[in-house]
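These protein sequence lines are chains A and B, in that order. Per my numbering, residue 12 is the first one in the first sequence, and the count goes up by one each step. Per my numbering, residue 28 is the first one in the second sequence, and the count goes up by one each step.
If you're looking for bench data, these hints aren't it; they were derived computationally from the structure. From the three backbone atoms N, C-alpha and C, an ideal C-beta is built for every residue, glycine too. Mixed in with the good hints, there may be bad ones.
If you anchor each label on the Cβ, the simulated ranges turn out as follows [to be verified]:
hint: 1; chain 1: A; residue 1: 180; chain 2: B; residue 2: 259; range: 28 to 36 Å
hint: 2; chain 1: A; residue 1: 179; chain 2: B; residue 2: 194; range: 56 to 64 Å
hint: 3; chain 1: B; residue 1: 194; chain 2: A; residue 2: 162; range: 38 to 46 Å
hint: 4; chain 1: B; residue 1: 63; chain 2: A; residue 2: 135; range: 22 to 30 Å
hint: 5; chain 1: B; residue 1: 195; chain 2: A; residue 2: 179; range: 32 to 40 Å
hint: 6; chain 1: A; residue 1: 17; chain 2: B; residue 2: 127; range: 46 to 54 Å
hint: 7; chain 1: B; residue 1: 366; chain 2: A; residue 2: 278; range: 42 to 50 Å
hint: 8; chain 1: A; residue 1: 134; chain 2: B; residue 2: 289; range: 44 to 52 Å
hint: 9; chain 1: B; residue 1: 53; chain 2: A; residue 2: 95; range: 50 to 58 Å
hint: 10; chain 1: A; residue 1: 138; chain 2: B; residue 2: 364; range: 32 to 40 Å
hint: 11; chain 1: A; residue 1: 19; chain 2: B; residue 2: 195; range: 24 to 32 Å
hint: 12; chain 1: B; residue 1: 163; chain 2: A; residue 2: 145; range: 42 to 50 Å
hint: 13; chain 1: A; residue 1: 95; chain 2: B; residue 2: 33; range: 24 to 32 Å
hint: 14; chain 1: B; residue 1: 370; chain 2: A; residue 2: 138; range: 57 to 65 Å
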Amino acid sequence: MDFLNMTFLQELLLSTVRMATPILIVALAELYSERAGQVNIGLDGIMAFGALAGFMVCYITGNPYLGLLAGAAGGILINMVYAFCTITLGAEQIVYGMAINIFAPAIASFIYKVYFGISSTLAQATLMTPMPIPFLSKIPLIGPVFFKHTIIVYIAYLLVPLSYIFFQKTKAGLNFRAVGEYPKAAESLGINVVKQKYLACIICGALAGVGGAYLTTCYISTYTDGVVSGRGFIALSAVIFGRWMPGGVLIAALLFGFTDALQLRLQVLSSQTPYQLLAMIPYICTLFVLAFFGIKKAGPKANGKPYFREER
Amino acid sequence: MKIKRLLIQILVPLVSILISFLAGAILIAGIGGNPGEAFSFLLKGAFGTKANFGETIVKSVPLIFTGLAATFAYKCGVFNLGAEGQFAMGAVASIWVSTSLTGISGIPLLIISLLAGILAGGLWGCIPGILKISRGLNEMIVSIMLNYIAILFMGYLYSSPLRDGSVPQTAAVPVKLPRIMEGTRLHAGIIFAIVLALFLYYFLFHTAAGFKLRAVGLNQTAARYNGYSVKKFMLVSFVISGAIAGLGGSVELHGTQFRLMAGFGDGYGFDGVAIALIGQLNPIGTVLVAYLFAVLRTGATTMQAGSGMPTSVIDIIQALIIVFAVAGSALTNLPKIRQVLTNMLSKKAQEGKA
Numbered sequence: 012m013d014f015l016n017m018t019f020l021q022e023l024l025l026s027t028v029r030m031a032t033p034i035l036i037v038a039l040a041e042l043y044s045e046r047a048g049q050v051n052i053g054l055d056g057i058m059a060f061g062a063l064a065g066f067m068v069c070y071i072t073g074n075p076y077l078g079l080l081a082g083a084a085g086g087i088l089i090n091m092v093y094a095f096c097t098i099t100l101g102a103e104q105i106v107y108g109m110a111i112n113i114f115a116p117a118i119a120s121f122i123y124k125v126y127f128g129i130s131s132t133l134a135q136a137t138l139m140t141p142m143p144i145p146f147l148s149k150i151p152l153i154g155p156v157f158f159k160h161t162i163i164v165y166i167a168y169l170l171v172p173l174s175y176i177f178f179q180k181t182k183a184g185l186n187f188r189a190v191g192e193y194p195k196a197a198e199s200l201g202i203n204v205v206k207q208k209y210l211a212c213i214i215c216g217a218l219a220g221v222g223g224a225y226l227t228t229c230y231i232s233t234y235t236d237g238v239v240s241g242r243g244f245i246a247l248s249a250v251i252f253g254r255w256m257p258g259g260v261l262i263a264a265l266l267f268g269f270t271d272a273l274q275l276r277l278q279v280l281s282s283q284t285p286y287q288l289l290a291m292i293p294y295i296c297t298l299f300v301l302a303f304f305g306i307k308k309a310g311p312k313a314n315g316k317p318y319f320r321e322e323r
Numbered sequence: 028m029k030i031k032r033l034l035i036q037i038l039v040p041l042v043s044i045l046i047s048f049l050a051g052a053i054l055i056a057g058i059g060g061n062p063g064e065a066f067s068f069l070l071k072g073a074f075g076t077k078a079n080f081g082e083t084i085v086k087s088v089p090l091i092f093t094g095l096a097a098t099f100a101y102k103c104g105v106f107n108l109g110a111e112g113q114f115a116m117g118a119v120a121s122i123w124v125s126t127s128l129t130g131i132s133g134i135p136l137l138i139i140s141l142l143a144g145i146l147a148g149g150l151w152g153c154i155p156g157i158l159k160i161s162r163g164l165n166e167m168i169v170s171i172m173l174n175y176i177a178i179l180f181m182g183y184l185y186s187s188p189l190r191d192g193s194v195p196q197t198a199a200v201p202v203k204l205p206r207i208m209e210g211t212r213l214h215a216g217i218i219f220a221i222v223l224a225l226f227l228y229y230f231l232f233h234t235a236a237g238f239k240l241r242a243v244g245l246n247q248t249a250a251r252y253n254g255y256s257v258k259k260f261m262l263v264s265f266v267i268s269g270a271i272a273g274l275g276g277s278v279e280l281h282g283t284q285f286r287l288m289a290g291f292g293d294g295y296g297f298d299g300v301a302i303a304l305i306g307q308l309n310p311i312g313t314v315l316v317a318y319l320f321a322v323l324r325t326g327a328t329t330m331q332a333g334s335g336m337p338t339s340v341i342d343i344i345q346a347l348i349i350v351f352a353v354a355g356s357a358l359t360n361l362p363k364i365r366q367v368l369t370n371m372l373s374k375k376a377q378e379g380k381a
């Protein structure tokens, strides 16, 4: 076991934080959505579109920060389709999430092919450079693992306490949650349920789009079909595992990030083990974690139900 | 009310398809192409020659199976997004059994191999079902995770233990499904698919068990009140749904691909869900929409070669059809719109009578 040294551990933890980031951002996106009663299983699709928007803008302008903004804008754009159909038309949320999962990657792939040609080599864009935090990044082991990242990683982790404060301590957050728990009561208290739900979808689209753009502006420098590879669904399970709380979501994201980082390290270390078996680890781990810790009902009560003002 | 149901079942998908093609045409024109030319290449590719005509039907076979799998589960109120994995596991079991069994050949081997596919698909579909009824887990997440595991497992098999030769792929199956049309690749699998669709239609809409299954799907509380075992129905429908997808994988293996390799069954699972939804969750509708998707898929390649339009235009048209079809069904269900529609229809009916 000579590979279990400090460097390996440090690399593994660093990689964990890096891999957990997109899952964390997207899981927070879903948290905001579900807290307002909007189950969105279209995260994979929104991420794919965000990944493309981020990559394209980053490729054209050479600025990864603009890429992240574009990812957010793209995510909102796609999620508005979902929002309109589920909130205004009352279409089933699960079905529409599925539609987004088919629709968004198709558009992303189309735009990529139209812009870069059908059979081109992979275009490369610049990656965002890490921003080490002075002093803190000098601490041995912990410093490089936690304080030597791109800015988006810090923002993602900062969002966890901020979301907690928003949901638990502010009036706006309570209103937000009321919509997901009991929309009729919320309406009678003068909360505009439809507006609140749209707001939730905007936040969800922006964050999920950033989560996708993170993949193409901070992680790999190109866009390919299938770049998201189920991370949206892993984020969805992170919300369930995290019991709809920001802190729980963070723990879940770190756990999934760890398994992802571990399987990648193992692939490098033992090249004779078929890589497919190692690549299964995060998915199998998700299943086990859900099977052991997933609880039956903890989410917002009106989650996934369409809301009609006139009804009854 | 019957007219209204018919309207939703037939008119909504038809209008969605038309609008989607229109949007596709605008898109093609937008990137400097000629929509008429592109679509004529599309049609030529799907129907132009006898071989192409057969190819389109061949492409529809796996889509019918995954579409039926999604329909069946959804009718019982559970979402099976795992048809992709069940499809792959069906094919995996078939290739394993048919290449390793010795002393048996011909039709008996084919039957055993297909049964292995059904069994494997059913077992793989059993997992999300069990986790849902025992642990209350979201069946969609579980079935998606199982998709990735199944695809990776299939990749492991054709690149390591079952690899045959220098390219990562397995040996060919020893028995193939017979061809049923000369000069094309059309195989007997289409007969299986259509018979299965008719059987499922009969089962769902004309038998007591089918009625109960739909009742569970429509209102679990009411079904439980009537003494139906909701959990049992959910589990059984997941197993059957998985078995249908597994049979699809097995049929695809024996009829078209003959061996496992990279990309086997790619995208059939999700397309199956889309097809089921556009087909208004009716087995017959599923067959028709699967055929339409196959037309788009076969035609897309010809269109790309002939007019230079990327095949992803077709992906977008497919995606738009589902976006519009689902929104359309929801729209016609809105209380206000429903009122308007009923008024319109009853007025027409009265005029017709007068």
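Unmet hints by their number, sorted upward, for this structure
Those not satisfied are hints 1, 4, 5, 7, 8, 9, 10.
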